[in-house]
Amino acid sequence: MSRWAGVAVCCGMACAPPQDESPPIVWSGEHLDFAPQDAAAEVCAGTLPYMDRYMGLAGAALDVEVPRTLYVLGSEEEPNPCNAIACQLGDTIYTSQAPHEHELIHAARQSDPSAYRFFEEGEAVAFGGDAKRAFNDPTTWGSIRDGLESCAGGVPLADRWYPRAGHLYAYLRRRHGAHATDELMRTVPRNATQDEAIAALEESTGLAFDDMIADLEAFDPFCEQPLWFRYPLHPCDAPEALRPRCDGDIAIPVGISLGCESTTALGPRDDEVFGYVAIDIPTDGDYRIQAAPTGDAHGMIEIKECALGCSSRFVALPYRELDFEVWLPAGRYSLRFSRDADGADPSPMAVTIAGDCP
1 MSRWAGVAVC CGMACAPPQD ESPPIVWSGE HLDFAPQDAA AEVCAGTLPY
51 MDRYMGLAGA ALDVEVPRTL YVLGSEEEPN PCNAIACQLG DTIYTSQAPH
101 EHELIHAARQ SDPSAYRFFE EGEAVAFGGD AKRAFNDPTT WGSIRDGLES
151 CAGGVPLADR WYPRAGHLYA YLRRRHGAHA TDELMRTVPR NATQDEAIAA
201 LEESTGLAFD DMIADLEAFD PFCEQPLWFR YPLHPCDAPE ALRPRCDGDI
251 AIPVGISLGC ESTTALGPRD DEVFGYVAID IPTDGDYRIQ AAPTGDAHGM
301 IEIKECALGC SSRFVALPYR ELDFEVWLPA GRYSLRFSRD ADGADPSPMA
351 VTIAGDCP
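For the sequence shown, the working numbering assigns the number 358 to the last residue and increments by one with no breaks.
One thing to keep in mind: the hints can contain errors.
[Said to hold, decoys possible] Restraint-style ranges between C-beta atoms, simulated for each label pair:
1) 321 - 284: 23 to 29 Å
2) 196 - 331: 43 to 49 Å
3) 202 - 253: 26 to 32 Å
4) 358 - 327: 15 to 21 Å
5) 209 - 318: 38 to 44 Å
6) 282 - 202: 26 to 32 Å
7) 206 - 271: 43 to 49 Å
8) 90 - 26: 16 to 22 Å
9) 37 - 155: 28 to 34 Å
10) 243 - 143: 40 to 46 Å
11) 239 - 63: 15 to 21 Å
12) 320 - 243: 19 to 25 Å
13) 28 - 65: 17 to 23 Å
Worth flagging that the hints you see were computed from the coordinates, not collected in a lab.
In this text, a Cβ means the ideal position worked out from N, Cα and C, and glycines have one as well.
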């Protein structure tokens, strides 16, 4: 089974009933209880509060009542009920990764009836597709119509369809509004037929299916990487994550500490430690991004517009000796700083983003 397939909510034979009781809970937040298995890796100080906050932000964004969720963290070598990297069984997430935003979105939606898998997984990708994944050659992927057919009758959605599902969801929510995606999630059951799913899309958008596909392709052409089209709930919807970019007419450093003991450090995951802040860009224009103060630290910075869709702005830059000019449309942005997880004595990371300081 591929790594991406394991993130689905209990997928047919990919999941089985738990054989043993869950490990003891060692941390609890407003929405989340955390129970690591004996072989689970230690997580950085910001990870658990971040995941708990993420579920709260998801509840607000999706207009759902967030249920209490148990997060069982294991290891890739240790068996779990998913037989994969992650799954959700009832009110419990089983995974070898933390944070795992995709599963947190599924968990936040759990208070609603199970939705058609193409729509359910699309939502989890659009709001939770943070981890870096590798996909097959996009020329091998079929159409959205084929993707809808692939999971008719409740069949698990294959991993190759996740980018398509996320891209469709992003288009629907951005172009037709939250009411369109909410209607699909709440009215199209998991065991629906392809024709029923298409009819629901036509009802929610007011367009014939082929016209909707043509509008999607004109409005927001397909891109295969969720990092490009997802909406970063944290920090975009978390006011406490917003940082000033300017002091008067002077650009000032915007930064973060990624020492694992810091409350801003998340992971380790995929061999990196990372963290987020948000900034506001007042006007469309060119902005110069420079590592501050010296750029000695190794790592990456990813700048993602707080908007869904492939047309939203995404830029990934190496942090070391960073000095780069980039065009940014006005709006709020997520800044994601990351470093190698095995880096010794990590230095704080910061950038200045010069241009149009009010």
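Comparing the hints with the structure gives:
1. 321 - 284: 23 to 29 Å: 27 Å, holds
2. 196 - 331: 43 to 49 Å: Taking Cβ atoms as reference, residue 196 and residue 331 lie about 37 Å apart, which means the hint is violated.
3. 202 - 253: 26 to 32 Å: Hint violated: Cβ distance 50 Å, outside 26 to 32 Å.
4. 358 - 327: 15 to 21 Å: Given range 15 to 21 Å: holds, Cβ gap about 19 Å.
5. 209 - 318: 38 to 44 Å: Holds, at about 43 Å.
6. 282 - 202: 26 to 32 Å: Check failed, 40 Å falls outside 26 to 32 Å.
7. 206 - 271: 43 to 49 Å: 46 Å, holds
8. 90 - 26: 16 to 22 Å: This hint holds: roughly 20 Å between Cβ atoms.
9. 37 - 155: 28 to 34 Å: 31 Å, holds
10. 243 - 143: 40 to 46 Å: Once the Cβ atoms are compared, 42 Å apart, the range 40 to 46 Å for residue 143 and residue 243 holds.
11. 239 - 63: 15 to 21 Å: 19 Å, holds
12. 320 - 243: 19 to 25 Å: Since the Cβ atoms of residue 320 and residue 243 sit about 22 Å apart, the hinted range of 19 to 25 Å holds.
13. 28 - 65: 17 to 23 Å: 18 Å, holds
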